[in-house]
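Sequences listed follow chains D and U, in order.
Heads up: the first sequence at position 104 corresponds to 104 in the working numbering, and the numbers run straight through without jumps.
Converting from the second sequence to the working numbering requires adding 1000 to each position, the first position being numbered 1.
Just so you know, the hints here were simulated from the structure itself, not pulled from any lab data.
A virtual CB, placed ideally from N, CA and C, is assigned to each residue, including glycine.
The reader is advised that the hints may include incorrect statements.
As the list claims (entries may be wrong) - Interface residues of chain D toward chain U, partial, derived using beta-carbon atoms under 10 angstroms: (1) 438; (2) 552; (3) 556.
2 protein chains.
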Amino acid sequence: MTPFNKLSLLREKMKEKNIDAYIIASADPHMSEYLPDRYKNMEWLSGFTGSAGTLVITADFAGLWTDSRYFVQAGEQLKDTGFELVKLKNQGAPEYIDWLAKHLTQDATVGFDGKLMSIAVAKEAIETLQTRNIRVISDIDLIDDIWTDRPSLPTEKAYLLDEETTGKSVAEKISEIRSRLRESGATAHLISSLDDISWIFNLRGSDVKCNPVVLSFAIIEPEDVQLFIDKTKLSGDDIEKLHRSKVSIQEYDAIEHAITSLPGDATVFVDPKRNCFAYYSLIPTTCKKVENINPSTFLKAVKNEVELTHTRTTMVKDGTALTNFFYWLEMSIGKKEITEITIAEKLKEFRAKQEGFVGESFDTIAGYKAHGALPHYKATEENKSTLEPNGLLLIDSGGQYTTGTTDITRVISLGNPSPEEKRDYTLVLKAMIEGSTTNFPTGTKGYQIDAITRRPLWDHFKNYGHGTGHGVGFFLNVHEGPHVFNTANINIAIEPNMITSIEPGLYIEGRYGIRIENLVASHIEAENQFGQFQCFETLTLCYIETSLVDKDLLNDKHIEWLNNYHAVVFEKISPHLDNSEREWFKNKTKAI
Amino acid sequence: MTPFNKLSLLREKMKEKNIDAYIIASADPHMSEYLPDRYKNMEWLSGFTGSAGTLVITADFAGLWTDSRYFVQAGEQLKDTGFELVKLKNQGAPEYIDWLAKHLTQDATVGFDGKLMSIAVAKEAIETLQTRNIRVISDIDLIDDIWTDRPSLPTEKAYLLDEETTGKSVAEKISEIRSRLRESGATAHLISSLDDISWIFNLRGSDVKCNPVVLSFAIIEPEDVQLFIDKTKLSGDDIEKLHRSKVSIQEYDAIEHAITSLPGDATVFVDPKRNCFAYYSLIPTTCKKVENINPSTFLKAVKNEVELTHTRTTMVKDGTALTNFFYWLEMSIGKKEITEITIAEKLKEFRAKQEGFVGESFDTIAGYKAHGALPHYKATEENKSTLEPNGLLLIDSGGQYTTGTTDITRVISLGNPSPEEKRDYTLVLKAMIEGSTTNFPTGTKGYQIDAITRRPLWDHFKNYGHGTGHGVGFFLNVHEGPHVFNTANINIAIEPNMITSIEPGLYIEGRYGIRIENLVASHIEAENQFGQFQCFETLTLCYIETSLVDKDLLNDKHIEWLNNYHAVVFEKISPHLDNSEREWFKNKTKAI
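The following block holds chain D by itself, in its conformation from the complex:
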């Protein structure tokens, strides 16, 4: 079936059910970033494969709302599908709601599947549309009727991590959550977000690409804990272990009944961005609600010492794989055909040699020359570039290891860098060093770290359109809240022991892209009459191309940081290299 046929079928269904506009968000009932195949409604219907977008279909219009990361890709993928690209002004904002409010007549009907929309967005849609006398039906799944070969839910095996790996028992985690629930006055807590649940129960799986999570829900009450999961995924041993932690295991599908059965006098804690509207609507109407960020989202973001120690070990593994890879690449360029796709495969191959490697933490972005200027570029057989011994190559990649999650970007020169390339590379490096070396008082928000990082680029009237950094999980999602380093006024403070990326960039359309990314951990560094201050420990261990550095643009502090960093990288990685690699590596990490 072509997208065109599917669209016709959907419109027939809409007519049948008297729906004037139907909304299809890129989501699942867990509000995941990466979706199980069953929930790839947007991709199935429109052909668009980006990670974020919303379709809105009326009788005479079909649009995809997505953000600037995907304008080029969406433009290509939507050709001849019947869908038009609508460019979002603000990433993630449900701007289609205002469009609907403006374009629909009074007494029109809008429908969506409440399982695939967050509480927050659904409430906004209902409020905005109902004040214009537009009817909203929030529990209608029209896709299921027409997607005849829709994949079923994944049935991959799941497993528990031991406390030597996680540093904290399930019982401790639940006790911490209960303490926060008590503070907020809540007596029940519904959790739908998969990384929260994986963290709480020390549970991992393979239901979703790149994210080692398991489809599940949980309800935590003062005395009871219920985990809703396809039991066949778990071994008998693990089920036993969970029982010993006083976790009652229910079938995945039993969540709906469990929500409707909550005590009528319960106060239910729900995260409005991390639960779907459909299940929120099942909460008995007599219950009070506390709507806030999940306690586990905060607790998970602050890593414990065991997690940090494992992450440091993981960085040695990941750095070794990267060094193997970059050595191979430099030795092979000009000798065999290497494309942007080969790179991703080869890099995964080197990572796979490392103990504990589970898979990629996201699809590798390998952008050669002009492709590097597209921050979320993914090479395909049709558009892939073949490397030549010149130009810049940007590689953003990461691994999931049983002992941590990595995310790193490096740019290398394949030959003859231009003065502009060197200047821009050095400015991005300077920005990365500025962000990495700042001290900051406890209470500092991500937007403050973001400004300090951008300053060296602003000095030269340059800037980048994406955020400066994101939280990273421990053998969990590579994008993890609640904190973020970006320009938006998100009022969440950086706490000690959070892991975050610092990844400034510069993108010259049609020519090249530069981004340098390390992961850092925040730590308390000083305490005095002015308060408590934190600093960042750089976790990532991989050389930074110095042939692209224009030393005149750096001051002594930056040069000292770079040389110290390279000394540490050499010390930690060189024992894992063979002799020829080590010789080459000595040169790559020598002081400038």
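Mind docking chain U on chain D? Use the hints.
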């Protein structure tokens, strides 16, 4: 009457009217920072003279809620008054509402005078208290009954500024406001904030200390403009001019009737922070409301070229007065008795010699040694220090001129600076230079400039508790919104041609305080594929004490900035000095 007697009288009144708790905010019906004497209820009742605070009185408790700037002062002034100091966690937050919610029993009654509380705060109070079944009476003035010799409203003369001074006619300003009202769908606009009204009507006066504003209200509609003002304040000529600008002049007291007479189908634009709740409550219930920051607040913050040119001239005058003053001070120290109070008087004397000087833009803060560590210190006859030929002296002062408003802080050494004093002084200077020299993309918020300014202090695990800067009016209030440079996530972008202060500091309790403050204007500096970028022009012209600079803590960029700044200051100010001053000044501004 002692505060104790007044409190007893108030409690009798409360009993009589069945009020269990009475709230007295430091405010007037215009939501002013500086109040006419008639509205100094808080000071009259409690004796506390700070610029911000709220009293809450119950049968068995009387408290003053104020912020950290005033903890020391309030502690002293509240002694034996019956009032206790309650320390605010967040400056300006109405935290007493939660206190009332917690301490009052259900079915209690809270009263306040809605003329002295903003729409925003009153709504929050009513919502919070009513959900706990506490009754709220929002229109009761108990002070008027017991303050028998309460001052009447000021009757100072007011006058219009000509367009050569303001750069924009009343008609143009009203047309710009109307265009923004149309965009928001509003058909009527109530304005209570005095600096907004002064700006719109090119009107100035002396009703309030330090702020050249006139007690007034205004209503702007698509066809009509009404200004509510005591007509006897204006000359016949000015009344004539306003009529020619199609402004209808009404009596000050007529505002209430005018609000109740708004058309029932009007959509009324009101700024919830810049209007009192009482007058908001008078708007006919059939009217719709648009609640947002006044359009004039945004328009006023962006200075026109005439205002900027005048401000630059004003800075020469102000800088000359400051140079006269610092010369006099250095020549007089050790020769005659000089106190913190003498300083304020003498500085005003020098400013008064400048053409167009109208008065101080705020009470001079002159803090010697330990007093400098109190950011809002005001010397009194009881606590004033006498200067000696050693230690640091901090002077924060400003002037109102018919051609602009100034605000400047300098710190000088009276002799034998310690290495710590020099280090801290240099770090504050470095922070001021970092903030002043940053480029930033249009769209940047104050919290980003704030972070960049603080960075040099954070590097040394130091920080300051106040904001980095505030907007400044053009011959208007020295504190002017909507923009601000501070750590809070206030989502207002810095636009070209805004005037803002940059004033980092360091305060060592019991020893000394350092703050260095210049005013800057933002300008467009570059436009390219990365967007539009702005920079700051430093407006303030006064030497910065170099004997306190530890050059080792500065890099070449900072030294270059300082030397360039001093070259400009010498060039602009020296023509206005006498020979002995000029020789001395040459040395003060020589390159380091």
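When the nearest CB of chain U is found for residue 438 of chain D, is that gap smaller than 10 angstroms? holds, 6 angstroms
Return the status of the interface hint for residue 552 of chain D: holds when the least beta-carbon distance to chain U is below 10 angstroms, violated otherwise. violated, 13 angstroms
With chain U as the partner, please determine if residue 556 of chain D meets the hint condition of a C-beta pair closer than 10 angstroms. Since the shortest Cβ distance to chain U is 9 angstroms, the answer is holds.
Going through the hint list in order, the structure does not satisfy hint 2, though it satisfies all others.
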